[in-house]
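Undergrad: Chains as they are written, first to last, in my numbering: chain V, 1 to 51; chain A, 1 to 180.
Keep in mind that the hints are not guaranteed to be accurate.
Taking beta-carbon pairs under 7 Å as the criterion, some of the chain A residues facing chain V (in silico) [to be verified]:
| id | residue |
| --- | --- |
| 1 | Gly4 |
| 2 | Phe5 |
| 3 | Glu78 |
| 4 | Ala83 |
| 5 | Val86 |
| 6 | Trp90 |
| 7 | Tyr115 |
| 8 | Phe118 |
In case anyone wonders, no lab produced these hints; they're calculated from the structure.
Virtual Cβ for every residue (Gly too), placed ideally from N, Cα, C.
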Amino acid sequence: MLIRANNRDRVSPYLVVVPILIIILGFHGRMFSGRRSWARQLVPLPACSGP
Amino acid sequence: MITGFGAAWLMRHWRSRVQANTPLFLAILAIGLMTGAGLMYGWMMAAALNEPSTTGAALSALMWPAVPFYIVLNSAIELLLLALLVFWNWDTDWRRRALIVAGVAVYFVMRLWTYLVFAEARLDIASHTLSAADIEWFKQTLASDFRIALNVAIFAFLLMAACIPPWQVRDESDGEAYTR
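Next up, chain A with everything else stripped away, as it sits in the complex:
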């Protein structure tokens, strides 16, 4: 909330193209990192689950490094970038704003899905050796985990938004507006 109010105050008092582009660039970077890592995590875990010699302890050890990675990236987006992204791009070109709001909306759906279905249980099973029931639950959730498609959609929305210049510039000499 502090980030949001701070971003809104800055939006009123200081605007620049750098201000509009910085949170967008950082959000694209974070979502891109999560998308690539999520894709690899799914493939790697599916391969490990299909290998008969994989133990519950090995699966747990394999899962654990992903936990702080996703918590840090998602916390940065949720607590900082999301508010900056919306506030600092609100008075830009309407297409850019619409794409950013669409990206934020899909991100919100993805986070709700995560918090309600995956977050608590996946953290729990990653912190100890997996039992047979844990492995079965993990297999089921891995098969129904389509959040990667949402991540790709967010990435595409933000990337398209970045291709649209935030503001038009009017040339005072001939009065024509152009973008830069």
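One chain only, chain V, in its complex shape:
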């Protein structure tokens, strides 16, 4: 029989994960969107030759 610690009753893991994820995703959003994004620089799109 597995004996598990019952830590969830005292502190929620959401308190650890959610604030960290929100801040990191904010930076991610900034880095991966817009004209100077990481994604755009890593995979440069071909120059547009249209009108």
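Keeping the supplied structure of chain V fixed, place chain A upon it in accordance with the hints.
TA: This is chain A only, laid out in the frame that chain V set:
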């Protein structure tokens, strides 16, 4: 966020030792790869900067392969492993949980430092031939870049956590608890 909620749901409905150990093993692997590569990157770049014949174009070419390497590994940790690591080890032995939370906290500090000081400018200078000002900035940031110490600390925390079994097992025959 989807990873986090998914991991929390799975934590409530399905728990096993494999579930607790898998994200820890993958995180140790990723942090170990980044630590070794970071150490070598620092030494290699310092040697290249000290070589008078090194050109800005050569430095840029040397930097470029590191960019996708770090983006892929850090994105995997930030978007997937971090949430799985915390949620799937939350109800394990308190020492294991404390070490994992400490590792995650140091990782968070390291990422904040990266995003605020290094990420944008280093990607920018790696994507074109370095000017004299770029080289000077790179020299300064290389000298003050102690993130490798944080990486080593994260690696040590996670490795120590992996040495602690997630749960005790009670032998029904004699009623004694032991770990396995």
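Undergrad: Under the criterion of a CB-CB separation shorter than 7 Å, is Trp90(A) in contact with chain V as hinted?
TA: holds (4 Å)
Undergrad: Under the criterion of a CB-CB separation shorter than 7 Å, is Phe5(A) in contact with chain V as hinted?
TA: violated (9 Å)
Undergrad: Holds or violated: is there a CB of chain V closer than 7 Å to the CB of Glu78(A)?
TA: With Cβ-Cβ at 5 Å, under 7 Å, it holds.
Undergrad: For the hint on Phe118(A), just tell me whether its beta-carbon gets within less than 7 Å of chain V.
TA: violated (12 Å)
Undergrad: Given Tyr115(A) was flagged as interface, is its beta-carbon under 7 Å from a beta-carbon of chain V?
TA: Nearest chain V Cβ about 4 Å off; hint holds.
Undergrad: Any CB of chain V closer than 7 Å to the CB of Gly4(A)?
TA: holds (5 Å)
Undergrad: Should the hint that Val86(A) touches chain V count as held when the rule is a Cβ pair under 7 Å?
TA: Interface hint status for Val86(A): holds (5 Å vs cutoff 7 Å).
Undergrad: So, as I understand it, the hint says Ala83(A) touches chain V; can you test that by seeing if any CB pair is closer than 7 Å?
TA: Where the cut-off is 7 Å and the nearest Cβ of chain V is about 5 Å from Ala83(A), the hint holds.
Violated hints for the displayed structure, listed by number in ascending order: 2 and 8.
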